[in-house]
Amino acid sequence: MELDLSSSSLLTVRPCPHKQTMALIPPSKDKSKHKLVIGESSGRVSLFEFKRGEINTAWTNESLLNSSIGGTGGVVVGGANDMAGGDDETARQRIGSMFSKGTSSASADGAAGASNSGITSLTLGGAGSKNDKVFVSNGLKVIGLSKKGKPFFTLTSNSSEAIQQILVKNSSLWCRQSGGGYQKYVNGAESEFYQVAEGVNWIEYESLTSSCEDSETHDALLGCQDRSIRVIRKGENISTLGVDVCVTSLGCIDKNSEPVQNHKRVVFGTSSGTVAMIRIDGDGAGSHGWAVPSSGKSKGMVNVLTFSDISHDGVDDIVVGWEDGTVSVLGFDISPDMPQAQFSANIGESISSVACGRVSNADYDEIVCLGFAGKVISFTNEPLHTKDTQDKHGRTHATINNENRIKSMKKELEEMEGQIKTKKTLLATKEKHPSDSNAIGASADLIGAFEAKTIFTLDEAEAAYLVNVEIPLEMNLVLLTSSVSVDLLDSETSTATVSRSIPAEESGLKLSACYRMVDGGSRLQMKVRTTEGEYGEISATIVGSSTPHKSAVVVKFPVKPLSLHCRAVAFRPDEASRQLNTLTLRGSFTSNVAHEWVRACLPEIPPFQPSLSDNEDEPRTLSFRNVFTGSILQVNYSANLMTLKSDNLSTLAIFKECVSRESTKRRVHVSDSVDVNEESIPNFLGLMHNRLQHLLSLSRQVEIIEAIKEINTAEAGDNEWMSPEYKEILKKSDQIRAEHKMRPMIQNYLCAIITDLFVDRHKLRGVDVKHRIPDLHAIITDYDGDRLLHMFSLGFSAD
Numbered sequence: 001m002e003l004d005l006s007s008s009s010l011l012t013v014r015p016c017p018h019k020q021t022m023a024l025i026p027p028s029k030d031k032s033k034h035k036l037v038i039g040e041s042s043g044r045v046s047l048f049e050f051k052r053g054e055i056n057t058a059w060t061n062e063s064l065l066n067s068s069i070g071g072t073g074g075v076v077v078g079g080a081n082d083m084a085g086g087d088d089e090t091a092r093q094r095i096g097s098m099f100s101k102g103t104s105s106a107s108a109d110g111a112a113g114a115s116n117s118g119i120t121s122l123t124l125g126g127a128g129s130k131n132d133k134v135f136v137s138n139g140l141k142v143i144g145l146s147k148k149g150k151p152f153f154t155l156t157s158n159s160s161e162a163i164q165q166i167l168v169k170n171s172s173l174w175c176r177q178s179g180g181g182y183q184k185y186v187n188g189a190e191s192e193f194y195q196v197a198e199g200v201n202w203i204e205y206e207s208l209t210s211s212c213e214d215s216e217t218h219d220a221l222l223g224c225q226d227r228s229i230r231v232i233r234k235g236e237n238i239s240t241l242g243v244d245v246c247v248t249s250l251g252c253i254d255k256n257s258e259p260v261q262n263h264k265r266v267v268f269g270t271s272s273g274t275v276a277m278i279r280i281d282g283d284g285a286g287s288h289g290w291a292v293p294s295s296g297k298s299k300g301m302v303n304v305l306t307f308s309d310i311s312h313d314g315v316d317d318i319v320v321g322w323e324d325g326t327v328s329v330l331g332f333d334i335s336p337d338m339p340q341a342q343f344s345a346n347i348g349e350s351i352s353s354v355a356c357g358r359v360s361n362a363d364y365d366e367i368v369c370l371g372f373a374g375k376v377i378s379f380t381n382e383p384l385h386t387k388d389t390q391d392k393h394g395r396t397h398a399t400i401n402n403e404n405r406i407k408s409m410k411k412e413l414e415e416m417e418g419q420i421k422t423k424k425t426l427l428a429t430k431e432k433h434p435s436d437s438n439a440i441g442a443s444a445d446l447i448g449a450f451e452a453k454t455i456f457t458l459d460e461a462e463a464a465y466l467v468n469v470e471i472p473l474e475m476n477l478v479l480l481t482s483s484v485s486v487d488l489l490d491s492e493t494s495t496a497t498v499s500r501s502i503p504a505e506e507s508g509l510k511l512s513a514c515y516r517m518v519d520g521g522s523r524l525q526m527k528v529r530t531t532e533g534e535y536g537e538i539s540a541t542i543v544g545s546s547t548p549h550k551s552a553v554v555v556k557f558p559v560k561p562l563s564l565h566c567r568a569v570a571f572r573p574d575e576a577s578r579q580l581n582t583l584t585l586r587g588s589f590t591s592n593v594a595h596e597w598v599r600a601c602l603p604e605i606p607p608f609q610p611s612l613s614d615n616e617d618e619p620r621t622l623s624f625r626n627v628f629t630g631s632i633l634q635v636n637y638s639a640n641l642m643t644l645k646s647d648n649l650s651t652l653a654i655f656k657e658c659v660s661r662e663s664t665k666r667r668v669h670v671s672d673s674v675d676v677n678e679e680s681i682p683n684f685l686g687l688m689h690n691r692l693q694h695l696l697s698l699s700r701q702v703e704i705i706e707a708i709k710e711i712n713t714a715e716a717g718d719n720e721w722m723s724p725e726y727k728e729i730l731k732k733s734d735q736i737r738a739e740h741k742m743r744p745m746i747q748n749y750l751c752a753i754i755t756d757l758f759v760d761r762h763k764l765r766g767v768d769v770k771h772r773i774p775d776l777h778a779i780i781t782d783y784d785g786d787r788l789l790h791m792f793s794l795g796f797s798a799d
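Each residue of the sequence shown is one higher than the one before, counting from 1 in UniProt numbering.
Any given hint could be a false lead.
Said to hold, decoys possible - Label-pair restraints from in silico Cβ distances:
# : residue 1 : residue 2 : range
1 : PRO573    : LEU685    : 17 to 27 Å
2 : TRP59     : LYS410    : 16 to 26 Å
3 : GLU679    : GLU451    : 47 to 57 Å
4 : ARG14     : ARG700    : 51 to 61 Å
Said to hold, decoys possible - Mimicking DSBU-like on lysine-lysine, the simulated pairs with C-alpha atoms at most 35 Å apart in a straight line are:
# : residue 1 : residue 2
5 : LYS770    : LYS741
6 : LYS741    : LYS731
7 : LYS148    : LYS421
8 : LYS709    : LYS731
9 : LYS510    : LYS770
Rather than coming from a laboratory, the hints here were simulated on the basis of the structure. All figures in this text were calculated on a predicted structure; none of them were measured in a lab. The C-beta atom is built at its ideal place from N, Cα and C for all residues, glycine as well.
Kindly generate the complete structure, drawing on both the sequences and the hints.
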């Protein structure tokens, strides 16, 4: 059943780039509405109420980044910023029992641990099930706010990593840190710590053994960058559950309920946009359930998800917010075993937070979405375009809401006019007194500096990197440059015009492309395919349409030598049975140095090697898959020894060259040896066979498309006489033309891969075959599989 939800714009706040920075405070009475609380990148936290479209700001706290509550290394209740009023005093006593009392400090150290990154996470908490207190994180600090918006406690983490996400339950506080750390505090004291070297993207707490409300019994579920979900119990990793893609968000759909058939269902989103479910039992063992792949063109990652019975069928639906701005509802009304999409909409900017409740009307459910640039959009089942029976003018609900919203906006405009006058005064002062530091600051503000959100991720299905950029204002253009060879690919979601220029030779650049926004917008997706064997960086210069002056942000993305390889949890049976070549590297180096060499060559490698045991010299094994060719790579390393196995000799040659370069920097002697498996050559060429055959067939298909269409038109659309092949060509004619347009680029790319293999193979034999490369290219262009194999086997004749 499709849901009929109407959208309306609630308000706009300052940019909110961090995930989970919005929440709905439950109503105190049955017929009351939820209140909306938002934490911004500026550090401001505000609570909003809505009445028939009119916005009422209940409270705003803009001084949290300079809060002087407490000191460092613990929690302080009722510190220098003590609360006033009976309600706040009661709240302090009730919530204060959650945390151990420390020593109050009103010194300059009171703001220790704060950062300029603004609010990085926001959640609700309180005594029992009464989630009426707001908790926010900034830098190393966690701050609690009372119902009136006043700080009543603070905690400064003893870690050096900034806090990215927090969860609160009774006396427990869970923290996710930027460097892959996880901490749990109980009554203000650290009770658990766990480190994931690859990084943690999301945390959730859940009691896998019961529905017990005691937060002491809750386990922590970590969604990790290394394509796994870890189950942490009392600080120990009891289970690591592998998934195919990096986990970016997760939640338990059976939260606070008894396990069903001894397990609970955990729903998670991935970097590829897939939403999937895994069953986890009380021992941490998991079994995979359903999976819903992304159906959007941009294939943005899943940012957030939550659960609510929007469809009113007695079963919680899954509400998902994607990076590309899409919000969807997945319901179980058709099948309890596989959710179906019931609603989908796009808010025009990446979604930072999603919450469900009743904000505008106590009688109707809403999905409230917070966007990166600060846009707050509501999707409600209230019939907004029907007349309000209580309105004497016969206006619709939407009209009333819009008129009230206009009144609120007029008030905001008056406030903004006052701020503009102040800025103008400071700017005029600067012109008269250039040395005035305050005036200089005002001038910098007028230039229009902005924060850019960028994502550089490998799209495994397209075998290309997606470069997503987003800013909180209209984008003018993006200049994309690269020091490595890349192919620009068309992005289905981009409407920008692209112009390329040949970089000057002395610049060291191999690409210079300008993307100009045609229809406006604040988001842009670019798609590039890198060439393995080259390393360097891709740079994006993002220019905003600010006035009176233009401003820009420059972002750089590193490109590794084996950039098209991705981590693999495990190889498939057909991959594990392949014939592999082996590269062995020996020398006087530690396992940490070996790890640095692996990181210099391959993506998805953490800055430091994971601690598998107390023995630092224990061998470590990593598995990779090339997303373009399908070849595999297994890396095993320890102190003084590295062993690599791959079915592509060129992969080993690239890694060998990378280690040679890095070891020379360290003045470490490394000896190498390569064991070539001759059967790996035809097997790898077999992986290329289907691609080459497909390219060969495109030309013939394009030639006959027009003829087939003319005959089909003459027969009045009756194509029953056609063969299945002709029907397929007619059906996919647009796709075939698009692929044929890209044929030269892909053919050159495949030609380069096969040529590298040809040269690398014969180089190991001590044979120079560069003079045979033109013959090899001719065979690939007019593809003949048998002649290609014969060329590799002889190296001297193409006959």
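Hint by hint, here is what the structure shows:
no., hint, result
1, PRO573 with LEU685: 17 to 27 Å, "holds (21 Å)"
2, TRP59 with LYS410: 16 to 26 Å, "holds (22 Å)"
3, GLU679 with GLU451: 47 to 57 Å, "holds (53 Å)"
4, ARG14 with ARG700: 51 to 61 Å, "holds (57 Å)"
5, LYS770 with LYS741, "holds (30 Å)"
6, LYS741 with LYS731, "holds (18 Å)"
7, LYS148 with LYS421, "holds (31 Å)"
8, LYS709 with LYS731, "holds (10 Å)"
9, LYS510 with LYS770, "holds (24 Å)"
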